[in-house]
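**Q** Given chain A's structure and the hints, the job is docking chain B onto it.
If you're matching them up, the sequences are chains A and B in order. In this text, residue positions in the first sequence follow the working numbering: the first is 4, and each later residue adds one. In this text, residue positions in the second sequence follow the working numbering: the first is 414, and each later residue adds one.
Worth double-checking, as some hints may not be accurate.
[Said to hold, decoys possible] Derived pair list, reagent style SDA-like, types lysine to any residue, alpha-carbon separation capped at 25 angstroms:
#1 B:LYS454 x A:ASN10
#2 B:LYS454 x A:ASP98
#3 B:LYS454 x A:TYR42
#4 A:LYS45 x B:GLU435
#5 A:LYS45 x B:THR488
#6 A:LYS59 x B:GLY511
#7 A:LYS70 x B:LEU459
#8 B:LYS479 x B:THR462
#9 B:LYS479 x B:THR495
#10 B:LYS479 x B:ALA469
#11 B:LYS477 x A:ASN97
#12 A:LYS45 x B:LYS427
Think of the hints as simulated: they come from the structure by calculation, not from any bench. Source: prediction; values computed, not measured.
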Amino acid sequence: QKEVEQNSGPLSVPEGAIASLNCTYSDRVSQSFFWYRQYSGKSPELIMSIYSNGDKEDGRFTAQLNKASQYVSLLIRDSQPSDSATYLCAVRDNDMRFGAGTRLTVKP
Amino acid sequence: GAVVSQHPSWVICKSGTSVKIECRSLDFQATTMFWYRQFPKQSLMLMATSNEGSKATYEQGVEKDKFLINHASLTLSTLTVTSAHPEDSSFYICSAPGQGVTEAFFGQGTRLTVV
Chain A
4 QKEVEQNSGP LSVPEGAIAS LNCTYSDRVS QSFFWYRQYS GKSPELIMSI YSNGDKEDGR
64 FTAQLNKASQ YVSLLIRDSQ PSDSATYLCA VRDNDMRFGA GTRLTVKP
Chain B
414 GAVVSQHPSW VICKSGTSVK IECRSLDFQA TTMFWYRQFP KQSLMLMATS NEGSKATYEQ
474 GVEKDKFLIN HASLTLSTLT VTSAHPEDSS FYICSAPGQG VTEAFFGQGT RLTVV
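Just chain A, same shape as in the assembly (with noise of 0.2 angstroms):
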């Protein structure tokens, strides 16, 4: 069974912190690798997507991939409450699972 591993949360952080999630996934073939946002009753929408090993910035967005490690993170940058909401890691190869998501909350 493909797995799909992201710390629980709930992470709460102060408006203009670093807010830092992760996630682990345990198919080594994968090949894409996604952060959605996720807000209660909604569908999710794509923040971030990364295909290859390393960084890669969008705004206050950057995701980081290590394929050895079968690891990928997400730092949000000068969190805004706007920010809060629930952070889906998703990865794709034949299907796209998903892991628990990561409920953050930025406080003002």
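**A** Same frame as chain A, but now just chain B:
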């Protein structure tokens, strides 16, 4: 990005009845559709993968006779919850993968409540 339209967004049905959920790809052809279920405060659980013109592949523990999936065309996949019971109440979401191993595009989700 590509658009997947899911309908209805919410439905309330009586126990024992069937409910059909539709997902349409509006501006692209979706040969594959992923169907997920999400209970409150839990993650998206993959139920099945449908492929146009062939039988769906169900995840372990998902009853294929209860959750009927049809993918008769390149733009439409349907999930029918048959003989629904209160424990089937959940948030159902479809998702069509992009080309290759790129992201997947989600429908808006359907909140099913069985009373």
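**Q** Evaluate each hint against the coordinates.
**A** Comparing the hints with the structure gives:
| no. | hint | in the structure |
| --- | --- | --- |
| 1 | B:LYS454 x A:ASN10 | 14 angstroms, holds |
| 2 | B:LYS454 x A:ASP98 | 23 angstroms, holds |
| 3 | B:LYS454 x A:TYR42 | 11 angstroms, holds |
| 4 | A:LYS45 x B:GLU435 | 17 angstroms, holds |
| 5 | A:LYS45 x B:THR488 | 22 angstroms, holds |
| 6 | A:LYS59 x B:GLY511 | 20 angstroms, holds |
| 7 | A:LYS70 x B:LEU459 | 23 angstroms, holds |
| 8 | B:LYS479 x B:THR462 | 15 angstroms, holds |
| 9 | B:LYS479 x B:THR495 | 5 angstroms, holds |
| 10 | B:LYS479 x B:ALA469 | 13 angstroms, holds |
| 11 | B:LYS477 x A:ASN97 | 20 angstroms, holds |
| 12 | A:LYS45 x B:LYS427 | 24 angstroms, holds |
Violated hints for the displayed structure: none, as all numbered hints are satisfied.
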